[in-house]
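Enquirer: Sequence:
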Amino acid sequence: MDKSPATRESEQAFDESEIEEIERKTPISPPAVFEVIRRGGEKELIRPGSALMASGLVAGIALGFSVLSEALLRAHLPDADWRPLIENLGYSVGFMLVILGQMQLFTENTITVVSPALADPSAAVFRAVLRVWGLVLAANLTGATAFGFILWLSADFQPELFVALEDLSRHATGYDWWETLWRGVGAGWLIAAMVWITSTTERLSLPLIIIVTYVIALADFSHVIAGTTEAMLLVFTGEIGLWAAAIGFVLPALLGNILGGTVLFTLLTWAQIRADLRQDKHETR
0 MDKSPATRES
10 EQAFDESEIE
20 EIERKTPISP
30 PAVFEVIRRG
40 GEKELIRPGS
50 ALMASGLVAG
60 IALGFSVLSE
70 ALLRAHLPDA
80 DWRPLIENLG
90 YSVGFMLVIL
100 GQMQLFTENT
110 ITVVSPALAD
120 PSAAVFRAVL
130 RVWGLVLAAN
140 LTGATAFGFI
150 LWLSADFQPE
160 LFVALEDLSR
170 HATGYDWWET
180 LWRGVGAGWL
190 IAAMVWITST
200 TERLSLPLII
210 IVTYVIALAD
220 FSHVIAGTTE
230 AMLLVFTGEI
240 GLWAAAIGFV
250 LPALLGNILG
260 GTVLFTLLTW
270 AQIRADLRQD
280 KHETR
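Each residue of the sequence shown is one higher than the one before, starting from 0 at the first, in numbering that gives the first Met the number 0.
Among the clues, some could well be false.
[Claimed, not checked] The calculated lysine to any residue pairs, modelled on SDA-like cross-linking and capped at a C-alpha distance of 25 angstroms, are:
id: 1; residue 1: Lys42; residue 2: Pro158
id: 2; residue 1: Lys42; residue 2: Pro30
id: 3; residue 1: Lys42; residue 2: Met52
id: 4; residue 1: Lys42; residue 2: Asp155
Keep in mind that the hints were calculated from the coordinates and are not lab data.
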């Protein structure tokens with residue numbers, strides 16, 4: 000888009016280095032942020048299925064360290080009112096491993112691979128989105144289940160740690176169906192917002208991941224992958240059945256994550272961007 004007369008006039012008051020500094024510090028526009036995410040999503044849509052599943056499997060396992068780290072802090076902290084403020088920091092560990100390691104996480108894909116479908120709403124693109132969602136979700140859930148099984152096998156090694164793991168798992172999966180869904184909305188929205196913001200900056204990625212995932216844990220929001228590790232741990236101990244874990248927790252958490260990440264964040268953001276793009280086209284005429 001051509002520069003406005005006010006912009007051209009103001010640039011005459013600055014030298015070239017100052018203009019470059021002004022442009023460098025000017026925030027990137029929402030349409031530009033969307034384009035960054037869309038291009039990344041396009042690359043994910045054409046990745047081989049084997050690569051998606053391998054990365055998703057590792058991500059599901061890695062996210063189990065969020066549950067383990069939180070339990071470690073709980074096991075070593077006194078039972079005080081302030082304990083949740085500290086122990087929930089452990090929830091960030093698995094997310095840091097997954098996101099900074101560029102692994103495939105389903106809740107990130109509620110915005111990443113959906114963006115190309117919004118820009119080019121064709122049947123082929125929608126099929127590609129469903130393909131990525133299906134492969135990554137299956138791989139994530141498998142990895143999370145495997146981590147839950149490993150935790151169950153190691154129960155006798157550190158009994159006090161396993162008690163903390165069971166307590167956290169009961170708490171995470173103890174909500175009714177609808178409450179789990181709405182708590183999943185919060186987690187899905189925050190993860191999508193985090194992807195949106197981190198796409199514009201690399202320096203703030205680590206603190207942003209820590210802050211967002213800390214809030215998810217502190218607010219008891221339901222994340223389908225991390226929560227699957229907790230649900231499956233209770234399945235392996237025999238406390239709940241597989242059907243109850245799948246229908247009572249995994250399904251509502253999944254639907255909530257999609258509703259929060261894709262519907263309430265990505266689609267509403269896309270509506271804003273379309274309005275901006277229409278305005279830009281109108282101004283260039």
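Enquirer: Determine for every hint whether it applies to the structure shown.
Expert: Tested hints:
1. A hinted pair counts as satisfied when its Cα atoms are at most 25 angstroms apart, and Lys42 with Pro158 does not qualify at roughly 45 angstroms.
2. The hinted pair formed by Lys42 and Pro30 meets the criterion: a straight-line CA distance of about 19 angstroms does not exceed 25 angstroms.
3. Restraint check for Lys42 and Met52: satisfied, since their Cα atoms lie roughly 15 angstroms apart, inside the 25 angstroms limit.
4. Restraint check for Lys42 and Asp155: not satisfied, since their Cα atoms lie roughly 44 angstroms apart, outside the 25 angstroms limit.
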